[in-house]
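Participant: Protein chains in written order, with our numbering: chain A, 33 to 262; chain B, 24 to 393.
It is possible that some hints are incorrect.
FRET-style restraints, in silico, Cβ to Cβ [said to hold, decoys possible]:
| hint | chain 1 | residue 1 | chain 2 | residue 2 | range |
| --- | --- | --- | --- | --- | --- |
| 1 | B | A237 | A | L77 | 50 to 56 angstroms |
| 2 | A | G262 | B | K324 | 42 to 48 angstroms |
| 3 | A | G262 | B | F279 | 21 to 27 angstroms |
| 4 | A | S114 | B | R66 | 41 to 47 angstroms |
| 5 | B | S54 | A | P141 | 42 to 48 angstroms |
| 6 | B | T391 | A | D42 | 26 to 32 angstroms |
| 7 | B | P264 | A | D138 | 43 to 49 angstroms |
Because the hints were derived from the structure by calculation, they are not lab data. Please read all numbers here as calculations on a predicted model, not as lab measurements. Glycine residues also receive a C-beta, built at the ideal position from the N, C-alpha and C atoms.
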Amino acid sequence: MKNDGGANPDVQQVMRRLTRIWGEFEGRLRSVSIIADAHAGRIRLSDYRTLLKDHYAQVIEGSGWISRAASSVGRPYLEQRSLFLRHAVTEHRDYEMLARDYAACDGDPADLDNARKNLGSMALSAWMYHRASQPNPFDLLGAMFIIEGLGQWFARSFADAVTGSLGLNETQTGFYRYHADHDPDHLAELEAVLGSGVLDIPEVADTLIETAAVTARLYVLQLEEVGHYG
Amino acid sequence: MRTAYITGAGSCLPGPAISNDAMEAYIGTLSPVHSRLGRATLRHNGIQQRHYARTPEGQTTHSNAQLATEAIRAALLSARCRDSRLDLLCTGTTQGDLLVPGFASAVQAELGIASLEVASFQSVCASSLMALKHAMMAVQTGQSEAAAVSGSEYSSRWFQPAFYADSYRDNPDPGIEFLRYTLSDGGAAVIVEPEPVPGRRNLRIDWIEQRSFADRFPNCMYAGTATNQADALPWSVHASPSAAHQAGAIALKQDFKLLYELFPVWIGYYLELLDARGLHPADIDVFLPHYSAESLGQEMKRLLQATGAMIPGQRWFNTLSERGNTGSASLFVMLTDWLNRADPKPGQRLLCFVPESGRALAAFMHLTVV
Chain A
33 MKNDGGANPD VQQVMRRLTR IWGEFEGRLR SVSIIADAHA GRIRLSDYRT LLKDHYAQVI
93 EGSGWISRAA SSVGRPYLEQ RSLFLRHAVT EHRDYEMLAR DYAACDGDPA DLDNARKNLG
153 SMALSAWMYH RASQPNPFDL LGAMFIIEGL GQWFARSFAD AVTGSLGLNE TQTGFYRYHA
213 DHDPDHLAEL EAVLGSGVLD IPEVADTLIE TAAVTARLYV LQLEEVGHYG
Chain B
24 MRTAYITGAG SCLPGPAISN DAMEAYIGTL SPVHSRLGRA TLRHNGIQQR HYARTPEGQT
84 THSNAQLATE AIRAALLSAR CRDSRLDLLC TGTTQGDLLV PGFASAVQAE LGIASLEVAS
144 FQSVCASSLM ALKHAMMAVQ TGQSEAAAVS GSEYSSRWFQ PAFYADSYRD NPDPGIEFLR
204 YTLSDGGAAV IVEPEPVPGR RNLRIDWIEQ RSFADRFPNC MYAGTATNQA DALPWSVHAS
264 PSAAHQAGAI ALKQDFKLLY ELFPVWIGYY LELLDARGLH PADIDVFLPH YSAESLGQEM
324 KRLLQATGAM IPGQRWFNTL SERGNTGSAS LFVMLTDWLN RADPKPGQRL LCFVPESGRA
384 LAAFMHLTVV
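Pulled out of the complex, with its shape left as it was, chain A reads as follows:
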């Protein structure tokens, strides 16, 4: 095992606080009704379709707020800006995957054109755009840690649960499985960008933690409100 002697303590401290928020967040996910019901074999295909549609409506905003964040980044942080830009591209791929899953679950693709954000997604999206509009919004790295952590720790068990409960195949759970397979490398990327000087900006560490905590709470809200549009 590698000794952590050479690591950056400021980065480690932020990672530690983020991981604590993640642990609290992940613990809450299991008791959200759509997740608990999927594990208990108590959901129908229509419930899963609603979840896919709600995620579609939310994820389609993802490339929007990330691009907004990229445009809020100024000199001398141009390297970090390109990181946001790369993420905007991957978010774009996300909603295409959700659309394929939706169609594979007998959903009418036309539904997605009119898909509305649920009550929680409205709050989450508004929050993300708000933060993304601030100058040099590196606190959003905290939000990205929470959202991408879902892929690493949570997506596979959820995909397995709905697969088992509804007799689905891989083409119907592509979005969750893709994230389970591809998100684990985000940790190194986050460490690198945290170590690139952004933590020297006054108060950015505390704001980053706060943004992660708020994002985690709103993400849970978005799952609690699946199917509720006001």
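We have chain A; now place chain B onto it with these hints.
Facilitator: Chain B only, in chain A's frame:
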């Protein structure tokens, strides 16, 4: 408040050490598919040998209470503590020999020591730390002058083929086979007193902390119900114990996927504790986890490193691979082995970690060698 010290430790690992090749003579075989799942488990858990409180012919050599008793006898000897000094007995186990009454009563009866207060703690791997915390507080508050604390398990009785519903032969479950090929039998104990024993090394108990996450997770390791769904019937409300048995409500089970989800929550708690206690991994001389470094996933190691919380591998002390996973006894088995092998030095700081998948709790203990 007084300070509590561990003044002695001992273990009882019954019979000879049983190798991986020989273990099926003790737990039996269900089918080639079950055995294949078992071999996969052994590759993962790294256990090389273990002990069983039974013969290959199926004769029980030690009850659970006898395992605890022999361990307490060894611990009393190591603390040079006469029976008459003892005034408190706290036991931890996953499941006693009997459903009723409490396990500590059975252990006191086996010990044959008079005038004891007893406390029975039933949980899973962390039950012995719950018992130790009770003893620690009793000693600290002047309510006990010498307490014996045991952790013990007779796990292998659960794993006999006839313990499973008939239908289990045709429906092997990786979670059940994981437990059959991971858990084994043994007891271990410590003695807690308000003064260190002169002429030998003692362990000061600095703190024991535990947190349960049962508010947010279903059962992960459990027996007494067929599934971990909310509507699954407890064994005791089936028409009869034999009906419960055939419904699969008796077998000991593990929900593997859920187990994976518990790690980040345990790590979150560990990080919180480090911060709350102002503890730095570099300050820990010895880390005794009820978990082997080999089976800690790469992702977990990576997360611990990224958060500056990884205790370097050379400071991990763990005898799971040679002693087997003895559940609630495991931590005290490791402590006993460490005290006997390590030549403890005054001032050394030990951090013990016991995750309990049962319904998602984790316990930590900090000790200092005096």
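Participant: Compare the structure with each hint and give your call.
Facilitator: Hint check:
no., hint, result
1, A237(B) x L77(A): 50 to 56 angstroms, "31 angstroms, violated"
2, G262(A) x K324(B): 42 to 48 angstroms, "45 angstroms, holds"
3, G262(A) x F279(B): 21 to 27 angstroms, "40 angstroms, violated"
4, S114(A) x R66(B): 41 to 47 angstroms, "43 angstroms, holds"
5, S54(B) x P141(A): 42 to 48 angstroms, "47 angstroms, holds"
6, T391(B) x D42(A): 26 to 32 angstroms, "30 angstroms, holds"
7, P264(B) x D138(A): 43 to 49 angstroms, "46 angstroms, holds"
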